[in-house]
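Asks: So the chains spell out like this:
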Amino acid sequence: MATIYIENTPYEVPTGKNLLEAVLSLGKDLPYFCWHPAMGSIGACRQCAVKVYKDENDTKGKLFMSCMEQVRDGMRLSIADMEAKEFRAHIIGWLMTNHPHDCAVCDEGGACHLQDMTVMTGHNYRAYRFDKRTYINQYLGPFINHEMNRCIQCYRCVRYYKDYAGGKDLDVFAAHNHLYFGRHEDGVLESEFSGNLVEVCPTGVFTDKTLKQHYTRKWDLTMAPSVCHHCSLGCNITAGERYGTLRNITNRYNGEVNGYFLCDRGRFGYEHVNHVGRIRKPLVRARLPEATDKLTALQAAAAVFRTGSVIGIGSPRASLESNFMLKTLVGDDNFHLGVSDTDYDLECLALKILKEGAARTPSLREVEQADAVFILGEDLINTAPMLALAVRQSVRRQPALEHISKASIPVWQDAAVREIVQDEMGPLFIATIHDTKLDEIATHTYHDTPDAIARLGFAVAHFIHADFPEVSGLNENELQLARQIADTLLAAKKPLVVSGTHCGSERVLMATANIANALVAKEREAGIVFTLPECNSMGLAMLGGHKLDSAFEAIFNGYADTVIILENDLYRRASAGRVTNFLKSCKNVIVLDHLHNATTEEASILLAAGTFAESDGTLINNEGRAQRFFQVYPTSEDLQESWRWLGELGTILAHDRISHWHGFDDILQAMVKEKPEFKGIEAVAPGTDFRIAGQKIPRAPHRFSGRTAMLANINVNEPKPPVDPDAPLSYTMEGYRGQPPSSIIPFFWAPGWNSSQATNKYQQEVGGHLKGGDPGLRLIKPNTAHTAPYTQTVPQKFQPLEGHLYVLPLHHIFGSEELSMHSPPIVERAPEPYVLLNEEDAILTKLQEGQSLSFTIDGQIYQVPVKISTHIRSGTAGLPAGLPGIPYAELPAWATLNRELKWRQQPQTTY
Amino acid sequence: MFSLLRSMWLTFLHAFHKRDTILYPEQKAILPTRWRGRIVLSRDPDGGERCVACNLCAAACPVDCIALQATEDSTGRRYPEFFRINFSRCIFCGFCEDACPTYAIQLIPDFEMGEYNRQNLVYEKEDLLINGQGKYHGYNYYKVAGLAIGGKGKGEAENESPPVDIKSLIP
Chain A
1 MATIYIENTP YEVPTGKNLL EAVLSLGKDL PYFCWHPAMG SIGACRQCAV
51 KVYKDENDTK GKLFMSCMEQ VRDGMRLSIA DMEAKEFRAH IIGWLMTNHP
101 HDCAVCDEGG ACHLQDMTVM TGHNYRAYRF DKRTYINQYL GPFINHEMNR
151 CIQCYRCVRY YKDYAGGKDL DVFAAHNHLY FGRHEDGVLE SEFSGNLVEV
201 CPTGVFTDKT LKQHYTRKWD LTMAPSVCHH CSLGCNITAG ERYGTLRNIT
251 NRYNGEVNGY FLCDRGRFGY EHVNHVGRIR KPLVRARLPE ATDKLTALQA
301 AAAVFRTGSV IGIGSPRASL ESNFMLKTLV GDDNFHLGVS DTDYDLECLA
351 LKILKEGAAR TPSLREVEQA DAVFILGEDL INTAPMLALA VRQSVRRQPA
401 LEHISKASIP VWQDAAVREI VQDEMGPLFI ATIHDTKLDE IATHTYHDTP
451 DAIARLGFAV AHFIHADFPE VSGLNENELQ LARQIADTLL AAKKPLVVSG
501 THCGSERVLM ATANIANALV AKEREAGIVF TLPECNSMGL AMLGGHKLDS
551 AFEAIFNGYA DTVIILENDL YRRASAGRVT NFLKSCKNVI VLDHLHNATT
601 EEASILLAAG TFAESDGTLI NNEGRAQRFF QVYPTSEDLQ ESWRWLGELG
651 TILAHDRISH WHGFDDILQA MVKEKPEFKG IEAVAPGTDF RIAGQKIPRA
701 PHRFSGRTAM LANINVNEPK PPVDPDAPLS YTMEGYRGQP PSSIIPFFWA
751 PGWNSSQATN KYQQEVGGHL KGGDPGLRLI KPNTAHTAPY TQTVPQKFQP
801 LEGHLYVLPL HHIFGSEELS MHSPPIVERA PEPYVLLNEE DAILTKLQEG
851 QSLSFTIDGQ IYQVPVKIST HIRSGTAGLP AGLPGIPYAE LPAWATLNRE
901 LKWRQQPQTT Y
Chain B
1001 MFSLLRSMWL TFLHAFHKRD TILYPEQKAI LPTRWRGRIV LSRDPDGGER
1051 CVACNLCAAA CPVDCIALQA TEDSTGRRYP EFFRINFSRC IFCGFCEDAC
1101 PTYAIQLIPD FEMGEYNRQN LVYEKEDLLI NGQGKYHGYN YYKVAGLAIG
1151 GKGKGEAENE SPPVDIKSLI P
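From first to last, the protein sequence lines stand for chains A and B. Under this note's numbering, think of the first position of the first sequence as 1, with each following residue one higher. Under this note's numbering, think of the first position of the second sequence as 1001, with each following residue one higher.
Incorrect hints may have been included.
[Claimed, not checked] Heads up, simulated BS3-like pairs for lysine-lysine below, C-alpha to C-alpha not over 30 Å straight-line:
| no. | chain 1 | residue 1 | chain 2 | residue 2 |
| --- | --- | --- | --- | --- |
| 1 | A | K720 | A | K547 |
| 2 | B | K1154 | A | K132 |
| 3 | A | K132 | B | K1125 |
[Stated by the list, open to error] Coverage of chain A stretches by chain B, computed from C-beta distances (three or more under 8 Å per stretch; other residues unrestricted):
| no. | stretch |
| --- | --- |
| 4 | 280 to 286 |
| 5 | 449 to 463 |
| 6 | 712 to 721 |
[Said to hold, decoys possible] Chain A regions said to be covered by chain B (calculated; three or more residues, Cβ under 8 Å):
| no. | stretch |
| --- | --- |
| 7 | 199 to 207 |
| 8 | 211 to 218 |
| 9 | 698 to 706 |
Since the hints were derived computationally from the structure, they do not count as laboratory data. Small disclaimer: the values here were computed from a predicted structure and weren't measured. The beta-carbon is built from N, C-alpha and C at its ideal position, and this holds for glycine as well.
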């Protein structure tokens, strides 16, 4: 700690920081543009000038750029000094000379850092009376809108896009006073993290194109803290609503999880909430009209429930509460996890390894601090995008830390650090089934079948620790690679192994567990990360239940005749034939879901469930972190949370336990009582009756407009404000105006700070944890004593089969996830169906790129255009998982080539 | 005693003063042009809607009686999809007019808005939009803003230089 004097008042600040960070951490206002907590300082904008004095006798002082100045003990500075103030006002005056008079039609307006800083410096009137510079904009794809006139040349966009996120197609062009930030030509921004430009840009150059479709100012949004439902990482998001539709998703800072950024699937994949295919009223198919009200539907469901013997199928995309409620309603023996059998095994294994293994699973923030990473079988950009971004940071960080310790440069000196590091990267080894976008930063890549990846993993574990099983039959290159990886991991202080369920192989998970255990046995602070298929896969695995296949058997064997399916499209979990057969064999099918899909078509009673924006619940992410998400806006009573439907059903049926639960908190209490491993989950967020100064936390900002007019077209008499029975948040602007606890921050705002930069005011120190700790509770603790090999069995070498292909699942950030594929911009970015073949196999089958290949997996015939790759192993093929247009198959699986078909004569579009 | 007589005298003198009372509604009051009465939405000199749906009027409104939704035409010109004022809540403070960056929303000297049914005091855009410029003539926001819209490309607004040729190295 160092003492600095600001306007002669002493403050304790941590050393090693720059002055700007220190000043902001103290809660003071100091304008800035180019500096960003995640990206460091370059001193480009000259906005954060302060006066620094030599000693207490110095009255003159010198102007310093606070972001470029390291904190020194005894430093004396002044923010309010007149000269410094004037300097800052002039700087912004100059920055504004070319800024257009656009605020009224600019999407950033009301949440604009430039507006805030202009007001903060007191630059109220424009002195510049001459011509303004203009630019031609570019088309940047379905996510981002470009309006280059507004640029103030702070360089944040390229620093984020190129340096931080590793993008290649955004850069700065031209020279001197007409710099241009954009692509080399019009086109879609390739990076999967391009959406963050919206928040990184201090003004409206890059804005959210999806928000533009239904534009709403930040002050008019009703916002609630939520958790992204589009992958297993559980990034924190803020969801905003206006006039009953979801308008945008913005980042909600969580120092342990997503930090300042989100991936594009999470940010732009929200349109399913507003989709025309939403189920908004319960349907009872046996009566006319089918659409009915809540009570009729519940009574119909209760009648079915009373007469039949019921099983329940849960869902990894439903909240823990909904799954728990269903499990309680149907009974433990009749509850089936609604995941494919492959995923069931993999998820249970992943959970077991995390619980019993010796290595701890780190958060995303901790992943960034790893100094050697080995990825087994995961295409992270597509399966857990933000984890890929975290791995990229670890690779950037490792050499930087090494160099700056020698060169004594502070870590935030971005330009200097980049200069000294040049192209050096930290150690990253990637073993995947085909090439991935992270390969470009990898020290070494290895592309082979899951079994070969597992064998490599086992060999690495053996080289780390001789007690671990040896792998026979590896070739020289593989042995050398395994040794190199082992040496690198051993040399690292915080080695990290990453794997997951997406290549569909248990052996890869076990190999990963072996490496982690071996590293811990060698007393290294090793981390292990598993990515899981969906947002609540971990929660579902922890809750426990039977396989989906046993649900099918239960119906086929007459053990049960009625099924309740919770927010789950079974056609994405098992082969179409089997699911159809299953649904036809059920006497009654009760489905709770929010979108029409193939499963809801078969439902005899369909209950309209709320999406993430219309429900409260808890999700458990891949590191076992339980996080609460809150309802964003009230709904009609015919549309409600799945757990509420099931709870009301239980109450009608006079279920001995459910009928005693009144409200959300009771469910959490009951869950903790039943499952001790969920202990603490009830305190992840403050309970329903939490109040500050007797008030709830408002979801709407205090400038929220139109309250007495927005519903006046329906009835001029304003309705009573809706009440939220489940959360300490109110739907209106009334309530406590100060900072709420970190887990229930509906939006980041501070006086004078309307943009997302207001996050600074909510952090313990800038870029660090939120005040009161980052939200979420980790439920999984490793068993550090258990350092024995997880398994001794090493898989055999992969043997290709004549006339067959071993089909492996390929995942796509845009396309593989069910809900985001209801958003038109995501659909625009999704690939067309294809099958990835090795060059040699393509020659063997006499196929060229684009021609269709016919094959059969488990009775399901596929006819898909071929893409040719040199990276996928010969004898295997890659099939996109979850992509519309490709029927479900439990992958990996052997496919039989349908040779009798004449390839070349196949019309290409008949798949 | 004296003050009593004085008051009576002064009151008596009023009988000879000019009458302030007018026979409304037969006779209309002459209101100053800055009178804050009924709210209208005006058009720019080219006949386009002036309102760009920036929401500032709604934010400024102390009784929150303005609700609108922004939308865009195919050329990028922004306008309100709907614009609703609940006049049964309006206090005619004129903050909306002050806040408006485009002179779109204006309070005019008309106060005769009485209704038997309160619901009729909810005005939609078609009730508000007039076919003229209202009090402020000659102003066209899009001629000032940097945004390109149909009929006005980049660099064609007032005080704008032509778009930068980013391949040029000339300062």
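Asks: Are the hints correct? Go through all of them and say.
Replies: Evaluated hints:
no.: 1; hint: A:K720 / A:K547; verdict: violated, 46 Å
no.: 2; hint: B:K1154 / A:K132; verdict: holds, 11 Å
no.: 3; hint: A:K132 / B:K1125; verdict: violated, 34 Å
no.: 4; hint: 280 to 286; verdict: violated (count 0)
no.: 5; hint: 449 to 463; verdict: violated (count 0)
no.: 6; hint: 712 to 721; verdict: holds (count 5)
no.: 7; hint: 199 to 207; verdict: violated (count 0)
no.: 8; hint: 211 to 218; verdict: holds (count 5)
no.: 9; hint: 698 to 706; verdict: holds (count 4)
Hints 1, 3, 4, 5, 7 from the list above are not met by this structure, while the remaining hints are.
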